[in-house]
Amino acid sequence: MADTCRSDLRMPTCSRRCANVSGLANRISVTSNRRGGWYYTLQWADRAFYIWLVQIGLTPAKSLTLGPLTIPDEYFVDFFRGCVDGDGSVLVYTDRYHVPKKQNYIYERLYVSIVSASRAFIEWLHASISRLAGESGSITTKRKPGANPLWKLCYAKAKSIHLLRWMYYAPDVPCLQRKRMKAQRFLSPLGFAPCRPAGRPRVGWLYNTTSRA
Numbered sequence: 001m002a003d004t005c006r007s008d009l010r011m012p013t014c015s016r017r018c019a020n021v022s023g024l025a026n027r028i029s030v031t032s033n034r035r036g037g038w039y040y041t042l043q044w045a046d047r048a049f050y051i052w053l054v055q056i057g058l059t060p061a062k063s064l065t066l067g068p069l070t071i072p073d074e075y076f077v078d079f080f081r082g083c084v085d086g087d088g089s090v091l092v093y094t095d096r097y098h099v100p101k102k103q104n105y106i107y108e109r110l111y112v113s114i115v116s117a118s119r120a121f122i123e124w125l126h127a128s129i130s131r132l133a134g135e136s137g138s139i140t141t142k143r144k145p146g147a148n149p150l151w152k153l154c155y156a157k158a159k160s161i162h163l164l165r166w167m168y169y170a171p172d173v174p175c176l177q178r179k180r181m182k183a184q185r186f187l188s189p190l191g192f193a194p195c196r197p198a199g200r201p202r203v204g205w206l207y208n209t210t211s212r213a
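If you use my numbering, the sequence shown corresponds to residues 1 to 213, in order.
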């Protein structure tokens with residue numbers, strides 16, 4: 001039996017729709033986390049599917065043991081989107097840190113990141129994205145006394161916009177809608193201009209084209 005646990009019901013519900021399309025028998029169960037909350041478990045009772053998951057590299061207690069996976073290139077973008085939905089984030093916020101220096105120093109920041117307790121998995125993911133999407137991110141480590149280190153793969157600015165448009169390649173791809181909603185405004189050009197400025201071009205804009213106001 002294979003399963004996945006989440007505190008957000010929308011994640012196993014999305015996965016269940018994919019399982020239903022594939023004809024996999026499944027169910028969602030609810031369990032108390034003993035802290036006043038709940039978590040949801042999606043289970044597949046399919047031996048052949050379980051064996052296939054093990055063959056591509058998934059393992060029991062995968063958080064610490066996960067390494068490179070045998071994901072076909074044509075499906076990797078969908079796998080990556082699932083990683084962002086499950087263990088990643090799409091972070092958008094307004095940076096006003098330099099406003100005291102100058103009032104118009106206000107920037108919108110965008111980051112796409114994935115966190116894992118497995119360094120081998122993060123490094124494989126980074127290499128695969130670089131090979132298939134042509135983007136390189138940064139890998140950082142967070143360590144706490146008495147806890148396993150966490151590895152974070154992060155993409156910022158133009159790289160994150162490129163990855164968002166890559167992974168949401170169609171309006172109906174299976175995904176966690178609350179994360180897609182954050183990304184929605186970056187899935188099309190943020191603006192148009194007839195020529196590039198003298199300095200650094202604005203991230204997400206298209207140049208050498210007519211305005212489409």
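Among the clues, some could well be false.
Below are the BS3-like pairs computed for lysine-lysine, each with C-alpha atoms no more than 27 Å apart in a straight line [to be verified]: (1) LYS179 x LYS62; (2) LYS101 x LYS152; (3) LYS152 x LYS142; (4) LYS182 x LYS152; (5) LYS157 x LYS62; (6) LYS62 x LYS142; (7) LYS182 x LYS157; (8) LYS62 x LYS101; (9) LYS144 x LYS62; (10) LYS142 x LYS157; (11) LYS101 x LYS142; (12) LYS179 x LYS157; (13) LYS157 x LYS101.
Because the hints were derived from the structure by calculation, they are not lab data.
Hints and how they fare:
no., hint, verdict
1, LYS179 x LYS62, "24 Å, holds"
2, LYS101 x LYS152, "31 Å, violated"
3, LYS152 x LYS142, "8 Å, holds"
4, LYS182 x LYS152, "20 Å, holds"
5, LYS157 x LYS62, "31 Å, violated"
6, LYS62 x LYS142, "19 Å, holds"
7, LYS182 x LYS157, "14 Å, holds"
8, LYS62 x LYS101, "47 Å, violated"
9, LYS144 x LYS62, "20 Å, holds"
10, LYS142 x LYS157, "22 Å, holds"
11, LYS101 x LYS142, "31 Å, violated"
12, LYS179 x LYS157, "17 Å, holds"
13, LYS157 x LYS101, "22 Å, holds"
The structure fails hints 2, 5, 8 and 11 (numbered hints given earlier, in ascending order).
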